[in-house]
Amino acid sequence: MEQFIEWIKQPWPWYVAGPMIGLTVPALLILGNKTFGISSSLRHICAACVPAGIPFFTYNWKKEIWNLLFVLGVAIGGFIATNFLANPETIVVSEATQADLAALGITDFSDLMPADIFSWENMTNAKGLLFFVFGGFLVGFGTRYAGGCTSGHAIMGISSLQWQSVVATTFFMIGGFLMTHVLMEPLMKMVGF
Amino acid sequence: MTKVAEKKIEVQDPHCAAPNLREDHDKGLELLKYLVIGLIFGIVFVKAEIISWFRIQEMFRLQSFHMYGVIGSAVVTGIISVQLIKRLNVKTIHGETIEIPDKVFKKGQVIGGFIFGLGWALTGACPGPLFAQIGSGYTVVLVTLISALAGTWVYGKYAHKLPN
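As given, the protein sequences belong to chains A and B, one line each in that order. Counting in my numbering, the first sequence runs from 1 upward without gaps. Counting in my numbering, the second sequence runs from 194 upward without gaps.
A few of these clues could be false.
Simulated pairs of lysine-lysine, DSSO-like, Cα-Cα distance not exceeding 30 Å [stated by the list, open to error]:
no.: 1; chain 1: B; residue 1: K226; chain 2: B; residue 2: K279
no.: 2; chain 1: A; residue 1: K63; chain 2: B; residue 2: K220
no.: 3; chain 1: B; residue 1: K300; chain 2: B; residue 2: K350
no.: 4; chain 1: B; residue 1: K279; chain 2: A; residue 2: K63
no.: 5; chain 1: A; residue 1: K63; chain 2: B; residue 2: K354
no.: 6; chain 1: A; residue 1: K63; chain 2: B; residue 2: K300
no.: 7; chain 1: B; residue 1: K226; chain 2: A; residue 2: K63
no.: 8; chain 1: A; residue 1: K62; chain 2: B; residue 2: K354
no.: 9; chain 1: A; residue 1: K63; chain 2: B; residue 2: K284
no.: 10; chain 1: B; residue 1: K220; chain 2: B; residue 2: K279
no.: 11; chain 1: A; residue 1: K9; chain 2: B; residue 2: K226
no.: 12; chain 1: B; residue 1: K350; chain 2: A; residue 2: K63
no.: 13; chain 1: A; residue 1: K62; chain 2: B; residue 2: K284
no.: 14; chain 1: B; residue 1: K350; chain 2: A; residue 2: K62
no.: 15; chain 1: B; residue 1: K300; chain 2: A; residue 2: K9
no.: 16; chain 1: A; residue 1: K127; chain 2: A; residue 2: K62
no.: 17; chain 1: B; residue 1: K300; chain 2: B; residue 2: K354
no.: 18; chain 1: B; residue 1: K350; chain 2: A; residue 2: K127
no.: 19; chain 1: A; residue 1: K62; chain 2: B; residue 2: K226
no.: 20; chain 1: B; residue 1: K220; chain 2: B; residue 2: K284
no.: 21; chain 1: B; residue 1: K279; chain 2: A; residue 2: K62
no.: 22; chain 1: B; residue 1: K226; chain 2: B; residue 2: K284
Chain B stretches covered by chain A per the calculated footprint, using a threshold of three residues with CB under 8 Å from any CB of chain A [said to hold, decoys possible]:
no.: 23; region: 302 to 308
no.: 24; region: 311 to 325
no.: 25; region: 331 to 339
Rather than coming from a laboratory, the hints here were simulated on the basis of the structure. Here the structure is a predicted model, which is why all the values come from computation and not from measurement. All C-beta atoms, glycine included, are put in the ideal place defined by N, C-alpha and C.
Between the sequences and the hints, there should be enough to build the whole structure, so can you do that?
As structure tokens, this is what we get:
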């Protein structure tokens, strides 16, 4: 058992994590005829809290409560993994990425998230505005406009062989590449990195 | 909240997986099964370091295979599973026929997809990892989540005015 716990605390390789994520698709279908998708939860929260008479949010969100329980589970799973199954070693970030990010002003590579960005202190300056407020807005607006995110399109949509999801996923990647290689540097300079 | 309102939504937003209008057998405690699947999912997200901002940067910089391996093998597993379900005519645990709604092509998949991609690279998170990051104690990500809710809300408000 102890060996098992030791083993499970190591970072899990892609060939363990990927199939487990993929199995969420049949698990949800077989357990409840539900199609996998996470960004919908954001819509349901809007519908539950601030529908404001907008037709897009006027539906019986209570029928979608499974989706909200699912994301609550994701948060609890994150808590369990971080507090009880955490890897005692520091994360190994590829050296090329470290070099690229160092050039952008990221100095701390010891945690899953760069402390240079992910701190409450940054909410008092423009860094938080860029990474959390602006970034988060793009995620919420973009996924809803696209009708799904990495789970709903890239995994569920492509799993059921829907070409529309291949299109969506391609544009997720194009957006990500453009941000990473072109926009990120000037934006980070602008907010004081 | 009425049936009429739900139908109206369907017409306006036919490509979105939600709202799910099929009959629901899950009542009360049975709904907890979704919490359990989510919980396992959240553990995988953290243990495979998918929630890491660095892993997303490595992916977009083509400097690590990890995320491509994760997404690729997830998709392959999903395709095999869906094909098996269809060919073997697997039913749900309640005996229903499994239905997967067809997606309809919309300009949003291009424009919205692109916008989401920009945000994905900045925040290092798609909506799933967002919840796992918060659970992991990166509480500042709550700001990202609230902003994502604001983005979703603004989309909902102006959806009818956007090209689609």
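Consistency of the hints with the structure:
no., hint, result
1, K226(B) x K279(B), "23 Å, holds"
2, K63(A) x K220(B), "10 Å, holds"
3, K300(B) x K350(B), "17 Å, holds"
4, K279(B) x K63(A), "26 Å, holds"
5, K63(A) x K354(B), "27 Å, holds"
6, K63(A) x K300(B), "28 Å, holds"
7, K226(B) x K63(A), "15 Å, holds"
8, K62(A) x K354(B), "27 Å, holds"
9, K63(A) x K284(B), "21 Å, holds"
10, K220(B) x K279(B), "26 Å, holds"
11, K9(A) x K226(B), "25 Å, holds"
12, K350(B) x K63(A), "22 Å, holds"
13, K62(A) x K284(B), "24 Å, holds"
14, K350(B) x K62(A), "21 Å, holds"
15, K300(B) x K9(A), "43 Å, violated"
16, K127(A) x K62(A), "37 Å, violated"
17, K300(B) x K354(B), "13 Å, holds"
18, K350(B) x K127(A), "28 Å, holds"
19, K62(A) x K226(B), "16 Å, holds"
20, K220(B) x K284(B), "19 Å, holds"
21, K279(B) x K62(A), "29 Å, holds"
22, K226(B) x K284(B), "17 Å, holds"
23, 302 to 308, "holds (count 7)"
24, 311 to 325, "holds (count 14)"
25, 331 to 339, "holds (count 8)"
In summary, the numbered hints that this structure violates are 15, 16.
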